[in-house]
Amino acid sequence: MNVDWKFVIEAFPQVLAYLPVTIELTVVAMTISLIIGTIFAYINFKKVKVASQIIRTYMSLIRGTPIVLQIFVIFHFGPYLLTEMFQKLNIQADVYSIKPIYYAFLALSLSTTVSIAEAVRAGLESIDKGQFESGLSVGMTEGQVLFNVVFPQAFTTAWPVLGNILVGLIKSSSLAFMLSVVEITGYARILGGGVLRYFESYICVFFIYIVVIKITELIMKKLEETKLVYRRRQC
Amino acid sequence: MRTINLSRILEYFLKSLPNLRVTLTYVFFSLILGFALGGLIAKGRMSRNKAISALAQGYVTLVRSTPSIILLFLVFYGLSAVTTGAFNIFLNSLPTVVFVIITFTINIGASSSEIIRSAYNSVSKGQLEAALSVGMTQLQAFNHVLLPQMFRNSIPNIGNTIIFLIKEGALAYVIGLRDVLGQAYFLSALDMNAYALDMCVALTLIYWPITAGLEKLFSVLEKKLEYKHVVVLEQKT
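So the protein sequences, as listed, match chains A and P.
So for the first sequence, the working numbering puts the first residue at 28; every next one is plus one.
So for the second sequence, the working numbering puts the first residue at 40; every next one is plus one.
Some hints here could point you the wrong way.
Stated by the list, open to error - With a cut-off of at most 30 angstroms between alpha-carbon atoms, the simulated DSSO-like pairs for lysine-lysine come out as follows:
no., chain 1, residue 1, chain 2, residue 2
1, P, K82, A, K76
2, P, K262, A, K156
3, P, K82, A, K198
Claimed, not checked - So these bits of chain P aren't anywhere near chain A, every CB distance computed over 10 angstroms:
no., residue
4, L53
5, F126
6, L185
7, R191
8, L220
Stated by the list, open to error - One side only, chain P facing chain A, incomplete, derived with CB under 7 angstroms:
no., residue
9, I109
10, F203
11, W247
12, T250
13, A251
14, K255
By construction, these hints were calculated from the structure, which means they are not laboratory data.
Note that the Cβ used here is the ideal one computed from N, Cα and C, for glycine as well.
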């Protein structure tokens, strides 16, 4: 079997048409993980008694298991758990009408949350304790101190790591095909399977990922430069 | 209500655990070959020749922005297509684990080149010059002065790479590799996935202790070796 380059050219626009699904997966999972990860980081940073223990165990569990295994658990256990819950709460809804992409959001955010929690916690720890105290002493509430003083600095410190996490997330979004979500990898699998030209269709996916990730990295770098300027002015 | 059955978990656990040797096989070979390739690429990136340096840089960028699963598919489907077309060599009889090792060698080659480069930069240049000035050859200086320090500095990164390999290698079940996860998935499929939850619990019980243990081991190792380093410095001054 030779490599059929004509098929690659034919397949490329078809695969590219599913890029919005990949982007949707990435954006939604990143938003969920940013919110939950920041909350986790803050709880861990404050060392809240029981909650931080639970979160640390969760983080160790997620970091210690392959992402494939997490996807298995969601794939086999998610619908079943939802059915039970709907029965208990007396909700009349068909579990199997839920689109698989929602399960994929969950699967991708599980592991991304953990990495974000770690990155943000490192950012929080880089800030001087005195800033909290001085913020409180000029009469700000704790929420005001957090959102106006602490988080802007913590996220500036964590920014490069967050960029790496985003790139990692784009890469892991290719695993959503295991949950039968049709994004670029999933479509390439279908397309290649139909005519037994797996290699040619995956080549298209390969090129798309390279371009998408290069663009993401450039955007993150540009944003970092503007952010660093902001930090310099602040000093 | 579906319940978790302890004896079934134990059955999955005991039946998949022997396949840990498949996991360890590809971890071992990919690590060694990957770091060898990474050394070459790191050397290429630090080369004065602009073309070689650009080539190495391009390789790292390309591999780092490819998901492992796509790389796995490309190697699995592409390698045999290319060799059959170009050299008329059929690779169909090769064991699956070889494709997994090739994939992760390519993958680790890119990430380890960064590890090696940062380890090289962490050792001060004066040491190399001092070693050369006492009459060591370039190779001797590298082997006896730079390499031990580079190894010590990159221990946390090596640990992370091993853990990454154990976890990411589980993906290889999609091309039919029977490592721990592949074997458990196969067994679960024999039962029509009726007891998939028990399989997942058994797999968690295998993977979690291994990766958490390795993490602990490498952090202890790092501290032990760091201590020695400090003592040597103190004696000198």
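Now for the hints, and whether the structure bears them out:
no.: 1; hint: P/K82 x A/K76; verdict: violated, 49 angstroms
no.: 2; hint: P/K262 x A/K156; verdict: holds, 27 angstroms
no.: 3; hint: P/K82 x A/K198; verdict: holds, 27 angstroms
no.: 4; hint: L53; verdict: holds, 18 angstroms
no.: 5; hint: F126; verdict: holds, 12 angstroms
no.: 6; hint: L185; verdict: holds, 28 angstroms
no.: 7; hint: R191; verdict: holds, 23 angstroms
no.: 8; hint: L220; verdict: violated, 6 angstroms
no.: 9; hint: I109; verdict: holds, 6 angstroms
no.: 10; hint: F203; verdict: violated, 10 angstroms
no.: 11; hint: W247; verdict: holds, 4 angstroms
no.: 12; hint: T250; verdict: holds, 4 angstroms
no.: 13; hint: A251; verdict: holds, 5 angstroms
no.: 14; hint: K255; verdict: violated, 11 angstroms
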